[in-house]
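Sequences are here, hints too, so could you generate the full structure?
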Amino acid sequence: MTVTSAEDMVFVQRVPAKVLPPPVTQVGAIGWARTNLFSSIRSTVLTFFTAGVLVWIAVPIIQFLLIDAVWSAKDPTACLPREGHEVGACWAFIHERIGYFTYGSYPPAERWRVNLFFLLLAFGSGLMLWLDAPRRGLGAVYFFVVLPVVSYILLSGWPLIGLPRVETDLWGGMLVTIVVATVGIVVSLPIGILLALGRQSNMLAVRFLSITFIEFVRGVPLITVLFMASVMLPLFVPPEFSPDKLLRALVGMVIFAAAYQAEVVRAGLEGIPQGQIEAAKALGLRYWRLNSSIVLPQALRITIPNIVNSFIALFKDTSLVFFVGIFDFLKTIEVARLDPKWSGPNTSLTGYAFAAIVYFFCCYLMASYAESVERRLGRADRR
Amino acid sequence: MAPGQPAVPAQGTPQGKHLGPPKNALFYDPRLRSVVVQVLLCAVILFFGWVIFDNVTDNLARNKITSGFGFLSAVAGFDISQTLIDYSISTSTNFRAFWVGLLNTLLIAALGIVLATVIGFVIGIGQLSNNWLIAKLSKGYVGIVRNIPLLLHLLFWYNAVLKALPDFRNSLLLPGGAYLNSRGLILPRATLSGHPELVLVALAVAIAIAIVLYTKAKRQRERSGKSIPVVLPSLFLIVALPLVTALVAVHATWTYPEIGRFNIRGGAEILPEFVALLIAISIYTAAFIAEVVRAGMLSVSKGQTEAAAAAGLRRGQILKLVVIPQASRVIIPPLTNQYLNLTKNSTLAVAIGYPDFVQIFTGTVLTSTGQAIEVVALTLAVYLVISLITSLAMNIYQARTRLVAR
Chain A
1 MTVTSAEDMV FVQRVPAKVL PPPVTQVGAI GWARTNLFSS IRSTVLTFFT
51 AGVLVWIAVP IIQFLLIDAV WSAKDPTACL PREGHEVGAC WAFIHERIGY
101 FTYGSYPPAE RWRVNLFFLL LAFGSGLMLW LDAPRRGLGA VYFFVVLPVV
151 SYILLSGWPL IGLPRVETDL WGGMLVTIVV ATVGIVVSLP IGILLALGRQ
201 SNMLAVRFLS ITFIEFVRGV PLITVLFMAS VMLPLFVPPE FSPDKLLRAL
251 VGMVIFAAAY QAEVVRAGLE GIPQGQIEAA KALGLRYWRL NSSIVLPQAL
301 RITIPNIVNS FIALFKDTSL VFFVGIFDFL KTIEVARLDP KWSGPNTSLT
351 GYAFAAIVYF FCCYLMASYA ESVERRLGRA DRR
Chain B
1001 MAPGQPAVPA QGTPQGKHLG PPKNALFYDP RLRSVVVQVL LCAVILFFGW
1051 VIFDNVTDNL ARNKITSGFG FLSAVAGFDI SQTLIDYSIS TSTNFRAFWV
1101 GLLNTLLIAA LGIVLATVIG FVIGIGQLSN NWLIAKLSKG YVGIVRNIPL
1151 LLHLLFWYNA VLKALPDFRN SLLLPGGAYL NSRGLILPRA TLSGHPELVL
1201 VALAVAIAIA IVLYTKAKRQ RERSGKSIPV VLPSLFLIVA LPLVTALVAV
1251 HATWTYPEIG RFNIRGGAEI LPEFVALLIA ISIYTAAFIA EVVRAGMLSV
1301 SKGQTEAAAA AGLRRGQILK LVVIPQASRV IIPPLTNQYL NLTKNSTLAV
1351 AIGYPDFVQI FTGTVLTSTG QAIEVVALTL AVYLVISLIT SLAMNIYQAR
1401 TRLVAR
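Residue numbers (the working numbering), protein chains in the order written: chain A, 1 to 383; chain B, 1001 to 1406.
Note that these hints are calculated values from the structure, not bench results.
Errors might be hidden in some of the hints.
[What the hints assert, rightly or not] To spell it out: a stretch of chain A is covered by chain B in this simulated footprint if at least three of its residues, at any positions, have a beta carbon under 8 Å from a beta carbon of chain B; those stretches are:
hint: 1; region: 34 to 44
hint: 2; region: 127 to 134
hint: 3; region: 205 to 212
hint: 4; region: 219 to 228
hint: 5; region: 233 to 243
hint: 6; region: 344 to 357
[As the list claims (entries may be wrong)] So the derived list for chain A, only partly shown, Cβ under 10 Å to chain B, looks like this:
hint: 7; residue: 50
hint: 8; residue: 317
hint: 9; residue: 334
hint: 10; residue: 337
hint: 11; residue: 340
[To be verified] Taking lysine-lysine pairs in the BS3-like style, the calculated list, with each CA pair at most 30 Å apart, reads:
hint: 12; chain 1: B; residue 1: 1226; chain 2: B; residue 2: 1302
hint: 13; chain 1: A; residue 1: 74; chain 2: B; residue 2: 1163
hint: 14; chain 1: B; residue 1: 1226; chain 2: B; residue 2: 1216
hint: 15; chain 1: B; residue 1: 1218; chain 2: B; residue 2: 1320
hint: 16; chain 1: B; residue 1: 1216; chain 2: B; residue 2: 1320
hint: 17; chain 1: A; residue 1: 341; chain 2: A; residue 2: 74
hint: 18; chain 1: B; residue 1: 1163; chain 2: A; residue 2: 341
hint: 19; chain 1: B; residue 1: 1302; chain 2: B; residue 2: 1218
hint: 20; chain 1: A; residue 1: 245; chain 2: B; residue 2: 1064
Bear in mind the structure is a predicted one, so any value in this text is a computation, not a measurement.
Glycine included, every Cβ here is placed at the ideal spot set by N, Cα and C.
Given below as structure tokens:
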């Protein structure tokens, strides 16, 4: 038997075989669809069913909002259906009333003040929400002290410096929604912190009062708190100090939000390891010093996502000031949609669709921010 | 331990020779400070309470508003569009109106809870589905619904959907002789004769049998490992027994609604306000329940499911015996919270005029009597009682299901 050289061994493959691509059913769009949409008979049936439902819901909505929509019109008759011509959303109506939705009945000549307020607020919230901002202490002073004072002067006016007074009855639309939600969160946060600390205090009276307040307010609907503020507050003070409608609503919102903030902050306080508190005590720090330099800075930092989430809830709940006679964003929509000038079959739906889109985008942006902070804090924890 | 007062006294007793008490020892004594702070706090609150009381008596006297709860026995004198108990505009008292409103609130809450739970669980489990389309669609539902205020949901369903239905003259005729129009849904009304109460008895008997069966089967399973199917037979029993009783013992005569000249005559009417409120709160709360369910399901670690699969349990068994018992401990407390929220949110009924408790009592009765303090206090008391009962039940549940730490 002769030993053949390697060249003669025809069955030896000297170059590696070409790697075959995986079967088309495993990769790419088809593979993805097979694992994610049609993995079993049940899954396939469900996919077709859901797709059907989706088409059934989405097509008319797109048709209404985009395809059949009337984007601009010289007069309201363009939004009325004609023979053989479907009409959808009447965006021309929104376009005409957008000023009302944003500022309410705020005098048009003074609306630059509202715009300036929006800018100042955006700057302030940017500072507060940017976790790596330089000089965050200064930012907090701006947000919690400077901004409220300046905004109050700016919005309600001070004739001495040439800003005519604008009664709060004239405020409305997005302005009121933002004012109520922001005041609600800015004022209720410090109260909530005090309540949360009070709830954990070892002074019996303080603890009892804090728990009573928190559980009482959390146990009743917001609407009743607003009613209470609106009908009982005027009874609580001498008639000459009777607060205006917006102030009453603000007091109601702050009371309500404070109880929820207290629980949010408490969750943050409980996230601080006991060892830190004990270490601080061992260093001789007293109660306020311990909380203000050790506990709260850490607790509030991990609470930011939840504070933003409760701001979202408050932003949505602001629509309830509707019931105590204040023209917030939703109420202006509700008033405008009944305007006889624009009476058409689609005016109401257009108004509601617009409101839904605005609320959705505001809340969605805030929720995304909260989520990103949460992820970031989570990363820091895992380190 | 709560971070209350510092455990270390500020002025420690010096070691060695006695130096005498430091000058400000009294001022820094934590116990004394705590007492002083508490006394001051109580004094401030009492002072404000007194000022408020004083102002209230002044204001009430000036506006000539009587106080006390006498108004409850006065004749209400207003009509209510939906009453579950007898109520008449000319003879019923404000106190009767209180109960009518409370029952309407409880009705919408009970139905809303059932509906929201069903939708919420479907969407919540859908979010975890392997099917991409279902998972995305469920997430989309939660994202969209949660970020739109409930009030807007409500106004949409009421004003844009139900009020846009045809008027009564052009009512839609539904199968079974019911009419749907902008004034609501009008169903045929059944007048029952015979012994309708027997149906309830049959239902109670069926539920009792089901409970006995379930306990027996559980004991059997724990003793011998053999499981007996009980769920389907029990469900069958609960449906069939009352049904058979109804067929045998009850005779129903149906009155069909018909379109008259000014309205629809005959038939039982379901208010559009009721339907709109029910749809809106169910859809809205369902989005929150879905998140609760998702978090609960995710809280059971994957290792548990895999171990159960390795032990030979089938998919259904894994869910029933391993995942659900553990997830429910995480799900039920926040779920109860959502139920409470739903009940509280049903007060938005005021926006569309569904006669719920707040609309009738805090709205109409307050306006007609002017007794703001008494009415608001009673309203708050009602919701507090509902909340307290729920959280009491929750505490008992949590105490019973707490993991025993070893």
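### Task
Any hints from earlier that this structure breaks? Give me their numbers in increasing order, please.
Those not satisfied are hints 2, 11.
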